[in-house]
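Read off the chains here:
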Amino acid sequence: MSEPLKNTLLFVLVAGLILLTGFVQSWSTALLILNMGLISAVMSLGVNLQWGYAGLFNVGVMGFVALGGLAAVLVAMPPTVDAWAAGGMRVMAGLIIGAAVIVAAAMTLRFLPRSRWRTLAVLVILVGGFFLYRGVFDPGVEAVEDVNPAGTGYLGGLGLPVLVAWPVGGLLAAGAAWIIGKAALGLRSDYLAIATLGIAEIILAILKNEDWLSRGVKNVSGIPRPVPYEVELQETAWFVEGAQRIGVDPVTASSLYIKVAYAGLFAVVLIILLGLAQLALNSPWGRMMRAIRDNETAAEAMGKNVTRRHLQVFVLGSAVVGMAGAMMTTLDGQLIPTAYQPLRFTFLIWVMVIVGGSGNNLGAVLGGFLVWFLWVQVEPIGHWLMQVVTAPLAEGSALKAHLLESAAHMRLFTMGLVLLLVLRFSPRGLIPEK
Amino acid sequence: MDLLNAIVALSNFVLVPAIAYGSQLALGALGVTLIYGILRFSNFAHGDTMAFGTMVTILVTWWFQAAGIGLGPLPTALLALPAGIAACMLLLLATDRVVYRFYRAQRAKPVILVIVSIGVMFILNGLVRFIIGPGEQRFADGERFIITARDFKEMTGLAEGLALKTTQGITLVTAIIVVALLFWFLNRTRTGKSMRAYSDNEDLALLSGINPDRVVMVTWLIVAALATVAGVLYGLDKSFKPFTYFQLLLPVFASAIVGGLGNPVGAIAGGFIIAFSEVMITYAWKKVLGYLLPESLAPDSLVQLLSTDYKFAVSFVILLIVLLFRPTGLFRGKAV
Numbered sequence: 009m010s011e012p013l014k015n016t017l018l019f020v021l022v023a024g025l026i027l028l029t030g031f032v033q034s035w036s037t038a039l040l041i042l043n044m045g046l047i048s049a050v051m052s053l054g055v056n057l058q059w060g061y062a063g064l065f066n067v068g069v070m071g072f073v074a075l076g077g078l079a080a081v082l083v084a085m086p087p088t089v090d091a092w093a094a095g096g097m098r099v100m101a102g103l104i105i106g107a108a109v110i111v112a113a114a115m116t117l118r119f120l121p122r123s124r125w126r127t128l129a130v131l132v133i134l135v136g137g138f139f140l141y142r143g144v145f146d147p148g149v150e151a152v153e154d155v156n157p158a159g160t161g162y163l164g165g166l167g168l169p170v171l172v173a174w175p176v177g178g179l180l181a182a183g184a185a186w187i188i189g190k191a192a193l194g195l196r197s198d199y200l201a202i203a204t205l206g207i208a209e210i211i212l213a214i215l216k217n218e219d220w221l222s223r224g225v226k227n228v229s230g231i232p233r234p235v236p237y238e239v240e241l242q243e244t245a246w247f248v249e250g251a252q253r254i255g256v257d258p259v260t261a262s263s264l265y266i267k268v269a270y271a272g273l274f275a276v277v278l279i280i281l282l283g284l285a286q287l288a289l290n291s292p293w294g295r296m297m298r299a300i301r302d303n304e305t306a307a308e309a310m311g312k313n314v315t316r317r318h319l320q321v322f323v324l325g326s327a328v329v330g331m332a333g334a335m336m337t338t339l340d341g342q343l344i345p346t347a348y349q350p351l352r353f354t355f356l357i358w359v360m361v362i363v364g365g366s367g368n369n370l371g372a373v374l375g376g377f378l379v380w381f382l383w384v385q386v387e388p389i390g391h392w393l394m395q396v397v398t399a400p401l402a403e404g405s406a407l408k409a410h411l412l413e414s415a416a417h418m419r420l421f422t423m424g425l426v427l428l429l430v431l432r433f434s435p436r437g438l439i440p441e442k
Numbered sequence: 019m020d021l022l023n024a025i026v027a028l029s030n031f032v033l034v035p036a037i038a039y040g041s042q043l044a045l046g047a048l049g050v051t052l053i054y055g056i057l058r059f060s061n062f063a064h065g066d067t068m069a070f071g072t073m074v075t076i077l078v079t080w081w082f083q084a085a086g087i088g089l090g091p092l093p094t095a096l097l098a099l100p101a102g103i104a105a106c107m108l109l110l111l112a113t114d115r116v117v118y119r120f121y122r123a124q125r126a127k128p129v130i131l132v133i134v135s136i137g138v139m140f141i142l143n144g145l146v147r148f149i150i151g152p153g154e155q156r157f158a159d160g161e162r163f164i165i166t167a168r169d170f171k172e173m174t175g176l177a178e179g180l181a182l183k184t185t186q187g188i189t190l191v192t193a194i195i196v197v198a199l200l201f202w203f204l205n206r207t208r209t210g211k212s213m214r215a216y217s218d219n220e221d222l223a224l225l226s227g228i229n230p231d232r233v234v235m236v237t238w239l240i241v242a243a244l245a246t247v248a249g250v251l252y253g254l255d256k257s258f259k260p261f262t263y264f265q266l267l268l269p270v271f272a273s274a275i276v277g278g279l280g281n282p283v284g285a286i287a288g289g290f291i292i293a294f295s296e297v298m299i300t301y302a303w304k305k306v307l308g309y310l311l312p313e314s315l316a317p318d319s320l321v322q323l324l325s326t327d328y329k330f331a332v333s334f335v336i337l338l339i340v341l342l343f344r345p346t347g348l349f350r351g352k353a354v
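Quick note, the sequences are listed as chains B and H, same order.
Residues 9 to 442 in this note's numbering are what the first sequence lists, from first letter to last.
Residues 19 to 354 in this note's numbering are what the second sequence lists, from first letter to last.
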C-alpha cells in the first residue's frame, strides 16, 4: 500500500469512528469529540514541534494549556471597574516592583565582579525587595478581592473579543517557556522534564490561589463567545425556518449549529498551523532542527548554536500549546483551575504524539483525534466490559459494586498500555517520520 | 523576649514536621537516585510505585485490624509493611522483565526510558485507583502521640507545647535504620560494591565480571523497599491519596537533583533541604517572632512568606537555583 493511501485510510478511519458515534450515540457527542479532537490536534502539533523536531521532553503541557485558558479570561471578560478603582493600580504597582527587584538582582549578578559583596548585595536586594513587594501588593489584593467577592472579586479582563485571546494565550505560554527554557535547556534532557513538570504545577497553583487574577477556585464562567448563543438563534427567524425546513427541532438544531461553528473556527486554526508546521519542517530550518536532534555534537561542530535553537523551538511549541489552551477555554466558556489534571493535559498529549508518529505533523494530528476518541469512548466501553465480566457475580455483592464503580479508572490503565505497546512494537507511530 | 518558648514553638511547628517530612523525602529520593545511578534514567513512575506499595500495606493493615492483630501502641501498618514491600518488589521485577529489559538490551536513549516510565506510571496509577479508589484513606492506629502538647506544658511549665506524634517518631527511627542498612549494604557487601562499580563505570564493571542482570535486579529490590517504606511513612504521617503520591514526584526529584543525581548522600541532604525550606517558607512566623522580639517590634501580620498552597513552588525554585548555579547538585552527582 502506498504511503499517501495508507495515511488517507487512517484519517478516514478516524472520521468513520466519529461518524459512527454520531449514528449510534448522538450527534452532539460526535461534535463534542470532533471539537476537542481539533483542539487536541493543535496541542499535539505543539508538542510534536518540541519532541518530534528537536527531541525536547516537555512534561509541563498542562501549565501552558492553563496559561492559554487564563489568557481567555484576561482578554475577553469585562473589566471590573470597582475593583480597579479599589486596588487595581496597587496590584499592578506591586507586580512592577516585583519584576524590578528580579531585574535588579540579575543585573547586580551580571555586572558586579564576583565577590562576597556581590552575593550579599543580591541577597539584600532580593529579601528587601520581597518585603517591599508584599507591602505594596498585599493590601491591593485584599481590596480587589473584597469587591463583590461572590460575583467578581477579581480585576476582570480587557473586554476584547475572545478570538484575540488565542494569540495572546500563545504569547503568555511563550513567555513562561522562555523563562523555563533559559534555565533548563542545555542541561540533560531529564532536567527539562523535571523543570517543566514543576512550572506546570506552579502555574496551576497560581490560578487556584490568586483570586484577584483568576478568581481561583471560584472559577470564571460566562466568558464571551465568538459564536452566537443558542437562545439568540432560537429567536432568529431565518434559523427557525431553516430548522423547520430540515425537520429538526430548533433547540437541538441551535446547539448543533453552535458546535459546528466552533469546529469551523478550530479547523481554520489547525489548518493554518499545520501548513506552517509543514513548511517549517521542510525548510532549511527544519532540516537543521532534525540534524541537531539526531546528533548534537556534529551539529555543534558545524557551527549551530544548539542551546539557542532548542530555546527557539521550545518557545514556539509552547506557544502553540498555549493557543490551544485558549481555544479550549473558549469552547468551555469557563475557566475551572481545578479541572486541569496532569494526566489528562500533559501525559495524554504525549500519548497522542507518540501514537500518531513523533516527528510527523500529520501523525500528531491523527494521534490527537484518535487518542481523544479513545479517551472519551474507553469509559463507556470499560463500563460495558465490566458489566459483562461481573455478570456471573451475585447481585449486590461488594466485589461487583466495587468493580463497576472502578471501571472509570480503566482509562488511565488503557492509555498506559497503548503507550507502552506503541513504544515497543511500533516506536515510530502510526504515520512515521519520513 | 522569651527564648525558651520561642525554641519550643519553633520545634513544634517547624523542626519536628520538617524532620519527619525530610526523612520521607530522603527515602523517596534515594530510590530515584539509585535508579538513576544504576539504570541511568529518571523514573517518573516512582511516585506511583510508592502509592502501590502503600496500597498493599493498607490492604494488609485492614486485614490485620479485622483479624484483631495489632502492635499495641504502634501502628499495625508496621506489621503489614513487609507484605507491602514484597508485593512492590514483585511488581517492580515484573515491570522490569516485561517493560524495561527490552530497552536496556537495545541500549535505548535515557529519554526513551523516561517516556516508557511514564507509560508505567499511567498503568500503576490506573491500577491503584482501580483497586483502592481515588479517595483519601487513613490507616494509622495505635497511640497518636508520644508527647501531647498539653503534657509537655504541664511537664515544663512553659506557655508553648511541643507535640510529638507517634508517626513522626516512627518516621525518624525507621528512616535512620533503613538508611544505615542501605549504606552498610552499598559500602560493605560484595553485591553493594558491585552496584557502585556498575554505577561508576558500566563497561569496566562488566569487564571485571560483574553480572549486570543481578545488579539491576538487586537495585529494583532495594528501590521497592525504599519506595514502600517512604510511601507508608508519608501515609501514616499525613494520609494516603493516589494523586498526592503522584504529586510527591516533584519534591522527590527536586531532592535528588539538589543533592546530585546518582549520589545517595546527596539524596538524603537534598530531602532535608527541600523539606526544611518548604516548611520554613510556608510557616507563619508571627508566634516565634512574638517571643523573640521586644513587644514594640512584634509583628501584626502572620509573617508568612508564602501561603502553603505554594509549597511546590518552593521545591521548584530551589531546583531552578541549583540547576542554574550548580547543575551537578550540591554533592557532585554524575549528571550534566
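Source of the hints: derived by calculation from the structure; they are not laboratory data.
One thing to keep in mind: the hints can contain errors.
[Claimed, not checked] Partial chain H-side listing against chain B, Cβ under 7 Å, derived:
#	residue
1	Ala126
2	Ile136
3	Ile141
4	Arg147
5	Ala215
6	Asp218
7	Leu268
8	Phe294
9	Tyr328
10	Ala331
11	Ile339
12	Val340
13	Leu342
14	Phe343
15	Phe349
None of these values were measured; they are calculated from a predicted model.
We treat Cβ as the ideally placed atom computed from N, Cα and C, and that holds for glycine.
Taking the hints in turn, this is what the structure says about them:
1. Interface hint status for alanine 126 of chain H: violated, as the beta-carbon distance to the closest one in chain B is roughly 9 Å, over 7 Å.
2. Satisfaction of the interface hint for isoleucine 136 of chain H is found here, the shortest Cβ-Cβ separation to chain B being roughly 6 Å, below the 7 Å cut-off.
3. Because the smallest distance between the Cβ of isoleucine 141 of chain H and any Cβ of chain B comes to about 4 Å, under 7 Å, the interface hint for this residue holds.
4. Satisfaction of the interface hint for arginine 147 of chain H is found here, the shortest Cβ-Cβ separation to chain B being roughly 4 Å, below the 7 Å cut-off.
5. With a cut of 7 Å, the hint placing alanine 215 of chain H at the interface with chain B is violated, because the nearest CB-to-CB distance is about 22 Å.
6. Because the smallest distance between the Cβ of aspartate 218 of chain H and any Cβ of chain B comes to about 18 Å, over 7 Å, the interface hint for this residue is violated.
7. At a threshold of 7 Å, the smallest CB-CB gap from leucine 268 of chain H to chain B is about 6 Å, leaving the interface hint in force.
8. Because the closest C-beta pair between phenylalanine 294 of chain H and chain B is about 18 Å apart, greater than 7 Å, the hint is violated.
9. For tyrosine 328 of chain H, the shortest C-beta to C-beta distance to chain B is roughly 6 Å, which falls under 7 Å, so the interface hint holds.
10. Taken as an interface hint, alanine 331 of chain H checks out: its beta carbon lies about 5 Å from the nearest beta carbon of chain B, inside 7 Å.
11. Given the 7 Å rule on beta carbons, the hint for isoleucine 339 of chain H is violated: about 9 Å separates it from the nearest Cβ of chain B.
12. At its closest, the beta carbon of valine 340 of chain H sits 10 Å from a beta carbon of chain B; the interface hint therefore is violated under the 7 Å criterion.
13. With a least beta-carbon distance of about 6 Å to chain B, the hint placing leucine 342 of chain H at the interface is held under the 7 Å criterion.
14. Taking 7 Å as the C-beta contact cut-off toward chain B, the hint placing phenylalanine 343 of chain H at the interface is violated, the least distance being around 10 Å.
15. The interface hint given for phenylalanine 349 of chain H is broken, as the beta carbon of that residue sits about 16 Å from the closest beta carbon of chain B, more than 7 Å.
Violated hints, listed in ascending order, are 1, 5, 6, 8, 11, 12, 14 and 15; each of the other numbered hints is respected by the structure.
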